[in-house]
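Please take these sequences and the hints and turn them into a complete structure.
Residue strings, one per chain:
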Amino acid sequence: MAIDAEALEPGLVERSPREIFGGRLLAGSVVLLAVAAVISMAAGSTGISLTSLPSAISAMLGYSSDAADARAALVLIDIRLPRTLLAMFVGSALAVAGAMMQGLFRNPLADPGLIGVSSGATLAAVTFIVLGNTYLGGWQKLMGIYSLPAAAFLGGLAATLALSTVASRHGATAIATLLLAGIALGALAGAVTGVLAYVSNDRELRDLTLWSMGSFAGASWSKVLAITPFAAILLAALPGLVRALNGLLLGEAEAFHLGINLEAAKRRIVLLTALAVGGAVAVAGIIGFVGIVVPHFVRMLAGPDHRILLPAAALLGAVLVLFADVIARLIVAPAELPIGIIMAIIGAPVFLHLVLKRSSGVVL
Amino acid sequence: MRLKSRVAGLRVSLVVSVLAMATALATFAIIAPPGALAQKSPPATGKPTQPTADRIVSLGGDATEILYALGLSDRIVAVDTTSVEPPRALKEKPNVGYMRQLSAEGVLSTGATVIVANAQAGPPEVVNALKSANLKYLALPGSESSENVAEKVRVIGKAFGKETEAQKLASEIEAGFKQVAEKRASIKKPVRAIFILGINNGRATVAGTMTSADTMIQLAGAVNAASELKGYKPLTDEALLGLAPDVVITMTRSGATNNRQLIGSLPGFKQTPAGKEDRLVEMDGNYLLGFGPRTHKAALELMTKLYPELGK
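Chains D and V are the protein sequences, given in the same order.
Residues in the first sequence are numbered from 1 upward in steps of one, following the working numbering.
Residues in the second sequence are numbered from 365 upward in steps of one, following the working numbering.
Just so you know, the hints here were simulated from the structure itself, not pulled from any lab data.
No residue lacks a Cβ here, since even glycine has one placed at the ideal position from N, Cα and C.
It is possible that part of the hints are untrue.
Stated by the list, open to error - Footprint (simulated), chain V over chain D, 3 or more residues, beta carbon under 8 Å:
| hint | stretch |
| --- | --- |
| 1 | 71–79 |
| 2 | 198–208 |
What the hints assert, rightly or not - According to the in silico footprint, chain D covers these stretches of chain V (three or more CB under 8 Å from chain D):
| hint | stretch |
| --- | --- |
| 3 | 457–468 |
| 4 | 479–491 |
| 5 | 589–597 |
Written as structure tokens, this is what we have:
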């Protein structure tokens, strides 16, 4: 792990070339995100393009009662816009969660699944898909069409809280214990998921397979509303974690001697990751890959400084998911492919290429 | 130092090329004429009988089969992946995907004016979006049972002005089920049957309760010997022997290995009453389990195969 002293104590050193590049990377990412968002708004199987936006808005505000305008309003404002916003949130949340986990565990292979969020969420979602109609009718009645997302979110959060409680002894969180307990929980959740898949019927089996491949097809304004607080909390809390994460790059003892309150930082990192991933999984199902690839990509370009890494990962994660979603909805139109498939098909070779090309000079 | 500047140059070129690609894509997406990015298949595949005819998207195998049976196929503009009957449906119509994982925009892009949907169509957010669009959403009565097959036919017939044809088909279906019920009443000693979906790793996957195969076995006047199971479950040879079925029902499968050979090769099967007497009934899967408008015929055919002594 290489790190500039500047990253720990701002103002100590002159701006390094890497930092200057980091600034450019952030600016480029913002531009790229804007472009991706515009494409996501403009592309779709109905062929309605952004030129219909004015008529869509007039239909939405009630100035136009033309059927074509109403249709444009439905497609642009009620289908594509919430979908774009959700994809941006999910991409950012997963990429940032991945960056935080890799920082916390000081391991380039760490992904948000390690602290049990994904396993817990999957377990809850699968339980709901298989038993929702028979044993969990009350929950379904209470939450309506949000029963599945809500179950996934609560499952993810509960698993993470359970894990961090297990890993805490005398007020200190043992990172290795957290990691191993996470692996055990993942295996257990996998087994229970298997049992539920065994007792499920064909329809339920297909539902849970599709859920585990992720999709934004169910995007709606109420889902956007539901994730807004998550996005707000993440945005507000991330700047406060930069110093702790940069300190952790040096090692726990070193971070402690730099005066970082490690325990508080660890707890906050774990909780924020659970919120980010839980929210993402709840609205879009399981989308792998983003949490590993995007932070690595940023580290390859701009180094491990979290001042650049976190915002750049957030921006580029959103870009990646937006592009993958555009492909997902166009490639087999009028049907659509689960986004998880697209992500792996495009992402894996690109990632491998980057790793091989840069393996000589990169510090992970 | 030289290496460093080269690495920096590489980064810049990487960012620039990604940006360029994205910009090109964006330009295309924005300036492309409406429809350029749209579906590969043209929205209207059928030949509309009248210029203002309905444009139907059919979601669900039962919906598609009934629409075809009522002669409404030329009004269908798209079907879903479960529309396997008749086989030409998926060949001649665009496919909007699996009916429980639809894309709202995908369905709208077919230019549909009516959606005929199985009760299971989803996800709910997409169904809500489709309902709020300016089109008619016709949800069929749910549950796979013999009772509502005729009901579905009537609902569809009424919606598309085919009442006469629908009434004819529905009464035919009801008469068929009545005939099946009468014949069933004359059965003195019900046979114990099991339905084998397929063989995996030398184990038979058998239909328990809550499956369409279980419903068909009962309609045909037999007892499901595997009624202790729920759903489709793999069984070991020994368990198969324990069920002691008189008859084994399976689906016709083309290809190198058919189910008859596979089932015949199970050691456990040979020792069952069905194996000893070689009583293996093969029927087409969609016909037998699809709960479409031919279900009554399938039930009657199955019954005749289970009870050859009942005759015509």
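Open item on the list: Using C-beta distances, would you say chain D covers the stretch 589–597 of chain V, given that this needs three or more residues below 8 Å?
Closed with: Since three or more residues must qualify, the claim that chain D covers the stretch 589–597 of chain V holds, with 4 doing so at under 8 Å.
Task: Claimed coverage, the stretch 198–208 of chain D by chain V - three or more beta carbons nearer than 8 Å - done: holds (count 8)
Task: Coverage assertion for the stretch 457–468 of chain V with respect to chain D, Cβ distance below 8 Å, three residues required - done: holds (count 10)
Open item on the list: Closer than 8 Å Cβ to Cβ for three or more residues is the test here. Does the stretch 479–491 of chain V pass it with chain D?
Closed with: It holds, with 5 qualifying residues against the three required.
Task: Claimed coverage, the stretch 71–79 of chain D by chain V - three or more beta carbons nearer than 8 Å - done: holds (count 5)
Violated hints for the displayed structure: none, as all numbered hints are satisfied.
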